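With chain A fixed as given, assemble chain B onto it according to the hints.
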Amino acid sequence: IQLTQSPSSLSASVGDRVTITCRASQGINTYLAWYQQKPGKAPKVLIYAASTLQSGVPSRFSGSGSGTDFTLTISTLQPEDFATYYCQHFKTFPITFGQGTRLDIK
Amino acid sequence: EVQLLESGGDLVQPGGSLRLSCAPSGFTFKNYAMTWVRQAPGKGPEWVSTISNTGGDTYYADSVKGRFTISRDNSGNTLFLQMSSLRTEDTALYYCVRYIRGPNYYLDYWGQGTLVTVSS
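Line order of the protein sequences matches chains A and B.
The first sequence begins at 1 in the numbering used here and counts up by one.
The second sequence begins at 1 in the numbering used here and counts up by one.
None of these hints come from the bench; they were simulated from the model.
Hints may contain errors.
Quick look at which bits of chain B chain A covers, simulated, 3 or more residues with Cβ under 8 Å [what the hints assert, rightly or not]:
| no. | region |
| --- | --- |
| 1 | 38 to 46 |
| 2 | 103 to 110 |
Distance condition first, Cα-Cα at most 27 Å in a straight line; then the derived BS3-like pairs of lysine-lysine [what the hints assert, rightly or not]:
| no. | chain 1 | residue 1 | chain 2 | residue 2 |
| --- | --- | --- | --- | --- |
| 3 | B | 65 | B | 30 |
| 4 | B | 30 | A | 106 |
| 5 | B | 65 | A | 106 |
| 6 | A | 41 | B | 43 |
| 7 | B | 43 | A | 44 |
| 8 | A | 106 | B | 43 |
| 9 | B | 30 | A | 38 |
| 10 | B | 65 | B | 43 |
| 11 | A | 44 | B | 30 |
| 12 | A | 44 | A | 91 |
| 13 | A | 91 | B | 43 |
| 14 | A | 106 | A | 38 |
| 15 | A | 106 | A | 41 |
| 16 | A | 106 | A | 44 |
Pair by pair, the computed Cβ-Cβ distance ranges are [said to hold, decoys possible]:
| no. | chain 1 | residue 1 | chain 2 | residue 2 | range |
| --- | --- | --- | --- | --- | --- |
| 17 | A | 27 | B | 52 | 30 to 40 Å |
| 18 | A | 14 | B | 17 | 46 to 56 Å |
| 19 | A | 102 | B | 82 | 41 to 51 Å |
These figures come from a predicted structure and were not determined experimentally.
Note that CB positions come from ideal geometry on N, CA and C, so glycine has one too.
Next up, chain A with everything else stripped away, as it sits in the complex (with noise of 0.2 Å):
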């Protein structure tokens, strides 16, 4: 199962409402989750199974989506928001990641 993330980089302002998507090559129900990466760190899941916040992020971060079409919103960009975003699906082994999105500041 292959995932396909758009866009590959953004540009966006501190306030803006952005929206990152990934789409899998076939059906995964909700067996997805997305992740954070900032430079010299380990990701951090944000979201599992699609559409459930990960304890302790915030919420301006939502996830939804079924099938094969997901999409991750940030509701009001933040400072420390700007970063490299990631899905991962968990539907069978092998499970992938999409190829990422970079989010910088306009």
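Okay, now just chain B, sitting in the frame of chain A:
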């Protein structure tokens, strides 16, 4: 506090071998599946291998199948990745990651990684 401490990364020649270790703390290791994820410089994460909580089930990416072996010692609280026939494309930061496997599925805690460099 959950912590995962990787060790064993090094510079190795192509065709060589290396064994990575991961020392978990802050949780009951034997209750969790564990995973190795690698990240080559400037690239995204790549899933490498997963082992069930008992060690009875193991899974591998096609890119490492037959060359890498994941194992665990639940009495000694350690996760391992034995790597052999190493290639330049195996160069990456290798993360030890706890895997939440049911009823929800995700990778929740990550170590800081250990660097493997394959070069002559």
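Against the structure, the hints:
Check on the region 38 to 46 of chain B: 3 of its residues sit with their Cβ under 8 Å from a Cβ of chain A, so the three-residue criterion for coverage holds. Closer than 8 Å: that is the beta-carbon criterion, and the region 103 to 110 of chain B has 6 residues meeting it against chain A, so the requirement of 3 holds. The hinted pair formed by residue 65(B) and residue 30(B) meets the criterion: a straight-line CA distance of about 24 Å does not exceed 27 Å. Of the pairs offered as hints, the one joining residue 30(B) and residue 106(A) is violated, with about 46 Å between alpha carbons and a cut-off of 27 Å exceeded.
For the hint pairing residue 65(B) with residue 106(A), the CA-to-CA distance comes to about 42 Å; that exceeds 27 Å, so the pair is violated. Proposed proximity of residue 41(A) and residue 43(B) is supported: the alpha carbons are some 13 Å apart, at most 27 Å. Distance hint between residue 43(B) and residue 44(A) is fulfilled; the C-alpha atoms sit about 16 Å from each other, no more than 27 Å. A hinted pair counts as satisfied when its Cα atoms are at most 27 Å apart, and residue 106(A) with residue 43(B) qualifies at roughly 23 Å.
The hinted pair formed by residue 30(B) and residue 38(A) fails the criterion: a straight-line CA distance of about 30 Å is larger than 27 Å. In summary, the hint linking residue 65(B) to residue 43(B) is supported, as the alpha carbons are separated by about 21 Å, within the 27 Å threshold. For the proposed pair residue 44(A) and residue 30(B), the alpha carbon gap of about 23 Å is at most 27 Å, so the pair holds. Taking the CA atoms of residue 44(A) and residue 91(A), the gap is near 20 Å; set against the 27 Å cutoff, the hint holds.
Simply put, residue 91(A) and residue 43(B) have alpha-carbon atoms about 23 Å apart, close enough for the 27 Å limit, and the pair holds. Simply put, residue 106(A) and residue 38(A) have alpha-carbon atoms about 17 Å apart, close enough for the 27 Å limit, and the pair holds. Distance restraint check for residue 106(A) and residue 41(A): the Cα-Cα separation of roughly 23 Å lies within the 27 Å cut-off, and the hinted pair is therefore satisfied. Under the criterion of a C-alpha separation no larger than 27 Å, the hint pairing residue 106(A) with residue 44(A) is consistent with the structure, at around 23 Å.
Here the CB-CB span from residue 27(A) to residue 52(B) is close to 25 Å, at odds with the stated 30 to 40 Å. In this structure the supplied range 46 to 56 Å holds for residue 14(A) paired with residue 17(B), their Cβ-Cβ distance being about 48 Å. Range check, residue 102(A) to residue 82(B): about 34 Å between beta-carbon atoms, so the 41 to 51 Å window is missed.
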